[in-house]
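Colleague: Read off the chains here:
2 protein chains.
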Amino acid sequence: MSDTRLGWKDVRDRIHRMILTGRYGPGDKLPRDADIAEELNCARSTVQRAMQDLSDSGLVERRRKGGTRVRPDPVTRATFDISITRHEVEQTGAAYGYQLIGATQEVPPRGVQAVFGQKIAQPMLRVQALHLADARPYILEDRWICLQTSPEILSLDLTGISANEWLVLNKPYDRLDMRFYAENADPARAGLLGTAPGEALLVIERTTWIGDAPITTVKASTAPGYRLRSQS
Amino acid sequence: MSDTRLGWKDVRDRIHRMILTGRYGPGDKLPRDADIAEELNCARSTVQRAMQDLSDSGLVERRRKGGTRVRPDPVTRATFDISITRHEVEQTGAAYGYQLIGATQEVPPRGVQAVFGQKIAQPMLRVQALHLADARPYILEDRWICLQTSPEILSLDLTGISANEWLVLNKPYDRLDMRFYAENADPARAGLLGTAPGEALLVIERTTWIGDAPITTVKASTAPGYRLRSQS
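Residue numbers (the working numbering), protein chains in the order written: chain A, 1 to 232; chain B, 1 to 232.
Errors might be hidden in some of the hints.
[Stated by the list, open to error] BS3-like, lysine-lysine: derived pairs with alpha carbons at most 25 Å apart:
1. A:K171 - B:K29
2. B:K171 - B:K219
3. B:K65 - B:K29
4. B:K171 - A:K29
5. B:K29 - B:K9
6. A:K9 - A:K29
7. B:K9 - A:K65
8. A:K219 - A:K119
9. A:K119 - A:K171
10. A:K171 - B:K9
11. B:K119 - B:K219
12. B:K171 - A:K9
13. B:K171 - B:K119
14. A:K29 - A:K65
15. B:K65 - A:K9
16. A:K219 - A:K171
[What the hints assert, rightly or not] From the derived model, a few chain A residues whose C-beta atoms are all more than 10 Å from chain B:
17. K29
18. P31
19. P123
20. R136
21. P187
Hint data in this document are derived by calculation from the structure and do not stem from the laboratory. Nothing here was measured: the structure is a model prediction, and the numbers come from that model. Just so it is clear, CB atoms sit at the ideal spot from N, CA and C, and this is done for glycine as well.
Extracted from the complex, chain A is given alone in its bound form (with noise of 0.2 Å):
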């Protein structure tokens, strides 16, 4: 018996030419994969294959009873994978170096108060911190922590391991929500970062929370020259 059954790309670019035509147009909900599979003479697992690529790159919605759906307004998806800053300074083949800058117990201004999305009335540890590749300077952070679901950071020695690391491998989250944009370097951080005020910097904001309670936020300054990269 001769195998003439589709691969899984040719089912992907059979589906995608079923939306291109306007076969299934925008917000159009798909047939279900086994009547797919039927139709095209192939495995449901190969359909499978298919709609989970369509879907990874932005142009249909699997819903988990729903079926499948067109977008109605179709995406280029990325995903962005961020190492605990040790180990990406470590990957990059330099040394890791981590300079404390201070630490100290503040009710969180209202800008941050505003990132967590609540008014937030007892201090948070605020922690500053440089981490270095070779010994330049590489990503600053200035990083709030919620005392209520960390109590344990109080006794840990920051001049140590940072609170980066700690908070990655010690407090799992179930909601993180996370921004890139470029801030002109002003002279404070210019002088930490050792560049020149002005400077276009890459910020990364990460904020995270367990249910409703706040975890953490940071605002990482990158070092000029930093470049986010996408997993593919």
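With chain A fixed as given, assemble chain B onto it according to the hints.
Modeller: Structure of chain B alone, referenced to chain A:
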């Protein structure tokens, strides 16, 4: 019969604790879902849901046949959905505008060839265009389009439809590379974006391929204040 079975978040937290306490260390293989389900007296689908969550947040790696491993290097994983620029502008409630700055056929310079990872000897279509929100500059794009994979682009009226929109809708890719970085605006870009030279700009670079063949690469310089936010 009272239901004392664990929910998926409980199961996730138990598995996470097994990792935190060192029962399973970085790189270790975790037991099969079915075995964990038996140990915790819950449904296998509950373990699957928990594992999916731990995988989405970068703590474990799921492999199609190889089971689940603790990631040797835990990461914070974020997904970004980049819409067609017209949709993105319209979703903010602003009126979308589009200006074609120029379209020329040129052999791409070495920097662009490097982005595609291959030598390119034939001309590509270079399209420069400005996207506007409420008549104010929003994104300036500098794009190269491969004429072997998108010959149709030459017969389109690019003053009427943006290459961005046409390509997203018509050219499926199977590889995407995305990079984010910050740059100070040079005088030309500052002029087109209506800002001052030196202003920090978030740049989003996207490159797509189908098989080994390039489709397009675009350097999108966003106007000052632009923020990109992850999906949660």
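Colleague: Of the hints stated earlier, which fail here?
Modeller: none
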